[in-house]
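Asker: Sequence:
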Amino acid sequence: MRQTPLHDWHVAHKACMTDFNGWHMPLYYSGMTEEHNITRTSTGLFDLGHMGRVMVRGVGARSFLDNLTPAQLSKAKPGDVQYSFLLAETGCPIDDITIYTMSHTEYMLVVNAGNHDRAVAWIEKQAAHFGAVEIEDRSYSWGMIAVQGPEAEKVFRTVVGDSFPALSYYTFAMREDDGRWPTCIISATGYTGERGYEIYMPISGMEAVWTSLFDAGAKPIGLGARDSLRLEAAMPLYGHELTDATTPLAAGLGKFLDLEKGDFIGRAALLAQKEAGGPARKLIGFELTQRGPIARQGFDVCNSDGMKVGSVTSGIFSPTLQKTIGMAYIDAASAAVGSSLTVDIRGRKLPCIVVKKPFYKRSA
1 MRQTPLHDWH
11 VAHKACMTDF
21 NGWHMPLYYS
31 GMTEEHNITR
41 TSTGLFDLGH
51 MGRVMVRGVG
61 ARSFLDNLTP
71 AQLSKAKPGD
81 VQYSFLLAET
91 GCPIDDITIY
101 TMSHTEYMLV
111 VNAGNHDRAV
121 AWIEKQAAHF
131 GAVEIEDRSY
141 SWGMIAVQGP
151 EAEKVFRTVV
161 GDSFPALSYY
171 TFAMREDDGR
181 WPTCIISATG
191 YTGERGYEIY
201 MPISGMEAVW
211 TSLFDAGAKP
221 IGLGARDSLR
231 LEAAMPLYGH
241 ELTDATTPLA
251 AGLGKFLDLE
261 KGDFIGRAAL
271 LAQKEAGGPA
281 RKLIGFELTQ
291 RGPIARQGFD
301 VCNSDGMKVG
311 SVTSGIFSPT
321 LQKTIGMAYI
331 DAASAAVGSS
341 LTVDIRGRKL
351 PCIVVKKPFY
361 KRSA
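By the working numbering, the letter at position 58 of the sequence shown is numbered 58, and the numbering carries on one by one without gaps.
Keep in mind that a hint or two might mislead.
As the list claims (entries may be wrong) - In the DSS-like style, the derived pairs of lysine-lysine whose C-alpha atoms are separated by at most 25 Å in a straight line are:
no.	residue 1	residue 2
1	K323	K274
2	K323	K77
3	K75	K261
4	K261	K274
No lab work stands behind these hints, which were simulated from the structure alone.
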């Protein structure tokens, strides 16, 4: 299995390690629920070295990405971050990504660990046809760390000081090597529903960044709590809410599709789906109306007549809300907020109700 540069630190700090898409990663340290609550109330520190980072450069970089993704690249300024997708011709995602506009001739794409190989292969295949663009896979030469939570700003400023500019949500800035930290890309982004930063740096400097944030008060958080945090915030996870059989329209992510900008891979299929009246299934949030076991991926969702109308994509017992919650793809006719449904959990049909997403929204 692959290891991030922080692997030995995790082991030394008694992390329970697990195989995550071929990476030996911390699942938890003190416990998933405790780490979840730390991030919601204080500051969590996440090793994201398993994520992929791909540079796209050249005079044709913007045109290339305009064709490769449904993002509004013409509206992006240097320092902007955009959430987007790599789409197949079917309109279904190969991966969901973030795009960092370094300049109009240089971009960084962040891809998921589990999709790294096929995402990079897809990007390189399209680039070979396009020309005027160079692809560099930085996934194993640069690392990634996140610091998240209501106290994350205080911890971050304790380390970097006030000279680093304030960042609006989904923007980034460079921070030059100061002898303590290497040159970093720092963005006001995250996958927890909390404010915070994601920090990219050469792997040689990853431990210095991590240790300084830990010493300033951030607590290490494993992948278990990262999943429960993202689910409370109703953020999709590839392989669950996003697959190669579901479009972003079905996932309720149409606002990230610029269908008017001109042609891009997958556009025709998305337009056809819209013109046909929209997706037959929609992604909904639900909560059980009584205490019960967790609704796991693949469990059946049924309507009030007992007919199956869909399947669960993700489910947890929410540490913040103290309720069993989840997301599911169900028939559009049953997807209205307030609809009563049941989830078949190992033969028990437990009542649930369709609720608005996200389940959790930070207060400030």
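Asker: Indicate, hint by hint, whether the structure satisfies it.
Answerer: Now for the hints, and whether the structure bears them out:
1. K323 to K274: Between K323 and K274 the Cα gap is close to 34 Å, so the pair fails against 25 Å, i.e. violated.
2. K323 to K77: 41 Å, violated
3. K75 to K261: Between K75 and K261 the Cα gap is close to 11 Å, so the pair holds against 25 Å.
4. K261 to K274: 16 Å, holds
Hints 1, 2 from the list above are not met by this structure, while the remaining hints are.
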